[in-house]
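Number of protein chains: 2
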Amino acid sequence: MLGRENAVSVDEARDLLARHIPAKAPSVEKLEIGDCYKRVLAEDLYSPEDLPAFSRSTVDGFAVKSSDTFGASETLPSYLNVRHEVFMGKETLFGMNSGAAAKIPTGGMLPEGADAVVMLEHVQAVDESLIEILKPVAPGENVISAGEDIRRDEIILKKGSLLRPQDIAAIAGIGLKELSIYEKPRVAIISTGDEIIPPGTPLKLGQVRDINSYNLAGLILENGGEPVKKGIFRDIYDEIKRAVEESLRDSAMVLISGGSSVGIMDLTAKIINGLGLPGVVFHGVALKPGKPTIGGVVNGVPVFGLPGHPAAVTICFDVFIKRVLRMLTGACPKHFLERKTLTARLAKNISSVHGREEHVRVSIEEREGELWAVPVLGKSGLIRTLVLADGTVIIPPHKRGLQEGELVEVELF
Amino acid sequence: MLGRENAVSVDEARDLLARHIPAKAPSVEKLEIGDCYKRVLAEDLYSPEDLPAFSRSTVDGFAVKSSDTFGASETLPSYLNVRHEVFMGKETLFGMNSGAAAKIPTGGMLPEGADAVVMLEHVQAVDESLIEILKPVAPGENVISAGEDIRRDEIILKKGSLLRPQDIAAIAGIGLKELSIYEKPRVAIISTGDEIIPPGTPLKLGQVRDINSYNLAGLILENGGEPVKKGIFRDIYDEIKRAVEESLRDSAMVLISGGSSVGIMDLTAKIINGLGLPGVVFHGVALKPGKPTIGGVVNGVPVFGLPGHPAAVTICFDVFIKRVLRMLTGACPKHFLERKTLTARLAKNISSVHGREEHVRVSIEEREGELWAVPVLGKSGLIRTLVLADGTVIIPPHKRGLQEGELVEVELF
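Chain order of the listed sequences is B and C. Throughout the first sequence, residue numbering follows the working numbering, covering 1 to 413 in sequence. Throughout the second sequence, residue numbering follows the working numbering, covering 1001 to 1413 in sequence.
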């Protein structure tokens, strides 16, 4: 029963992985900014220019010297002469002295000498070239100054930023067309099992189709990796070893999926141990589902041996693989922004075994405006339980269960 | 001041859109299942076969007739004869009578006549062909029966499902290779403004680069649409009208971005009204930022006129466009699973104007284990405020502000 009796805790397993997987910057590629959504920035990004390059009005109105408007009111307006107009997209070539105003559209370039804009609403025209200002403006009011948004040479985004729509927009705004981006880590998926057949092959009795590689590929894609399916291999030492060896050469992480029986998991552990140091770092975790999981590192590359039950694959990915993959992408997000959770009331008592972290699949239902987490019952070998579930509730190892009606945090799929 | 004085509320604006945008199923395409992650299923999916196709063991052990084990214990074991072995991936051709047991691996096919599996741990070998059963098993114990996961002709996923990794895995499990998928809705982005230049063009004073189309394209991608940039157009009625007209022919939604001044927004409204019915359904919303927003529908196609301020673009997308886009994708998710939120303590008092829904950008900070939402100050014309923010806090129209220390719900970007 190797590894089952001396299972480590989830935290210990995570620590072992963190201790043995070396920090290593991914390779870098150059990409057009339009291809960089959801990608990870590989450089600290400094602005090559001021944004905006000139002081702009944020309203339709009249550019003025603010000091000319101090004290102005509806009963005692300031009178200003209008000699010029600012046009959108054109450089404003005239300057302004005290007593003058210039018509300006939203986004227009402020004339030299002006330091604020009075909104149209607070202006009354006396004639073609004379206006009344009915309300004072402060210096800088209704203006975005040159460089106020982003200053030249200012750092705008840090290495490791996961680029969002607004980040790409800011980068477009400062005139950059290409970025240094971390390449997506390639994650090899090795499916094993004498009974597993690829989709499209007619099914004989005793055989089942490859389910887990489709689950893993999707999870890898969602988390910033590039899945590489290596194929389905028989439960033979040399065959699987050759597949892992080849994968270690061209992948940032290797997932061996399909073992469930003790014999197969031992075979997987032996292969990992035979390929490089430190080899297996844990074999068996106090986790349900996912107990037989193997975590290993071979010459710096993380290698996981995953139990074959579909639910175990999803939970192991969530508990271990996801955070390793995130590290391999080079992204440094605020960790608390990564979790997608929801608070709900538990619809049923759940018991659990003390000393083991249990992940219970739940579907979320709305009943009279309140959200309820309804446990999805069924063996962890059933893929359907995952299809019916919206997420999981985690019962920590020190608890023996959760009570109906309790508020629980659901980690959404 | 058309549309500014008679601004509608956010809820009224949403109702107007819902009332005027017709429900219309998107076009359908056939895709390989490996290309269907995050796509929307265009058909109710029935299983063509049982999963599994045969009864399988979920453990390493011995297949038995459960009735032969009733009453068995360590002191009084049941004795069973072992004449056969089950092999992985092979059809089990022998049957079993009372008094017999067959060695079976995890995943192996149960012999005819067996109805349960005794785990290896509860078996002791007497000799080559005789074993002691030390613990009884119930009928069906350690077995997944034929069709127990998914039954033939059972509905497995409904039309409108947004396909997750586990859904694709289940589909692979029942042998399907292709799916009917809704095509992604094409969303036209029309950038307008005499001062806007494309990236790569040298910047002259008075000009600014196109920022908003990069923000919108990313938001559209994230929400299941296909952004189609139509280019940058001058603020001339005929030019913009022609671009909108062309977009209406090949797009499921049209976004006109860039207007901020009253004149430009009125131009946009006039164009929308001139192209078909009902035309503009609202012009001006009690929303900050995003007040000048125009919502329209032209012959069934939603058309939005968006203010040019970057923050307004993001908020308008969040408040209006996202839900319209989701509808156009054909997806029918549980709405409460769609929001990515986080509860945090507000780090500063914020005041707001009664009667207006305000969206305040915040960054999230962890202080002594607690999450704080720190308002990002700055004009809504600044793209940097969006880069610094992790999400928004919404102040509803009936409130006049929020207090420092209050618990708030942050909608994460």
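One should not assume that every hint holds.
[Stated by the list, open to error] Far from chain B, by Cβ distances over 12 Å, these chain C residues were calculated:
| # | residue |
| --- | --- |
| 1 | D1127 |
| 2 | L1130 |
| 3 | K1204 |
| 4 | S1352 |
[Said to hold, decoys possible] Here are the computed distance ranges between Cβ atoms for each label pair:
| # | chain 1 | residue 1 | chain 2 | residue 2 | range |
| --- | --- | --- | --- | --- | --- |
| 5 | B | R345 | C | H1398 | 40 to 50 Å |
| 6 | C | N1273 | B | E226 | 32 to 42 Å |
| 7 | B | G401 | C | N1349 | 41 to 51 Å |
| 8 | C | K1090 | B | R345 | 40 to 50 Å |
| 9 | B | G355 | C | N1349 | 15 to 25 Å |
| 10 | C | G1034 | B | E246 | 17 to 27 Å |
| 11 | B | E112 | C | G1369 | 49 to 59 Å |
| 12 | B | E246 | C | E1121 | 52 to 62 Å |
| 13 | C | E1406 | B | G95 | 25 to 35 Å |
| 14 | C | R1019 | B | G231 | 36 to 46 Å |
| 15 | C | K1158 | B | S145 | 52 to 62 Å |
| 16 | C | E1406 | B | K135 | 50 to 60 Å |
The set of hints was computed from the structure by calculation and includes no laboratory data. Computed from a prediction, not measured in an experiment: that's the story for all the values here. Ideal Cβ placement from N, Cα and C applies to all residues, glycine included.
Verification of the supplied hints:
1. Once the 12 Å rule is applied to beta carbons, D1127/C is consistent with being away from chain B; the minimum gap is 22 Å.
2. The beta carbon of L1130/C sits about 22 Å from the closest Cβ of chain B, which is more than 12 Å, so the claim that it is off the interface holds.
3. A beta-carbon of chain B is positioned within 12 Å of the beta-carbon of K1204/C; the least distance is around 6 Å.
4. Separation of S1352/C from chain B is adequate, the least Cβ-Cβ distance of about 19 Å exceeding the 12 Å criterion.
5. The hinted range of 40 to 50 Å is not satisfied by R345/B and H1398/C, whose Cβ atoms lie roughly 27 Å apart.
6. For the hinted restraint 32 to 42 Å between N1273/C and E226/B, the CB-CB distance of approximately 48 Å leaves it violated.
7. A C-beta distance of roughly 43 Å is found between G401/B and N1349/C, which places it inside the suggested range of 41 to 51 Å.
8. At roughly 48 Å, the beta-carbon separation of K1090/C and R345/B lies within the given 40 to 50 Å, and the hint holds.
9. Checked against the hint of 15 to 25 Å, the C-beta distance between G355/B and N1349/C comes to roughly 47 Å, which is inconsistent with it.
10. Distance hint check: the CB atoms of G1034/C and E246/B are about 21 Å apart, consistent with the given range 17 to 27 Å.
11. A C-beta distance of roughly 53 Å is found between E112/B and G1369/C, which places it inside the suggested range of 49 to 59 Å.
12. Hint check: E246/B to E1121/C, Cβ distance near 36 Å, so the stated range 52 to 62 Å is violated.
13. The supplied range of 25 to 35 Å is broken by E1406/C and G95/B, whose beta-carbon atoms lie about 49 Å from each other.
14. Judged by the Cβ atoms, the range 36 to 46 Å given for R1019/C and G231/B is violated: they are separated by roughly 53 Å.
15. For K1158/C paired with S145/B, a C-beta distance near 54 Å keeps the hint of 52 to 62 Å intact.
16. Our hint of 50 to 60 Å for E1406/C and K135/B is violated, since their Cβ atoms are close to 33 Å apart.
When each numbered hint is compared with the structure, violations occur for hints 3, 5, 6, 9, 12, 13, 14, 16.
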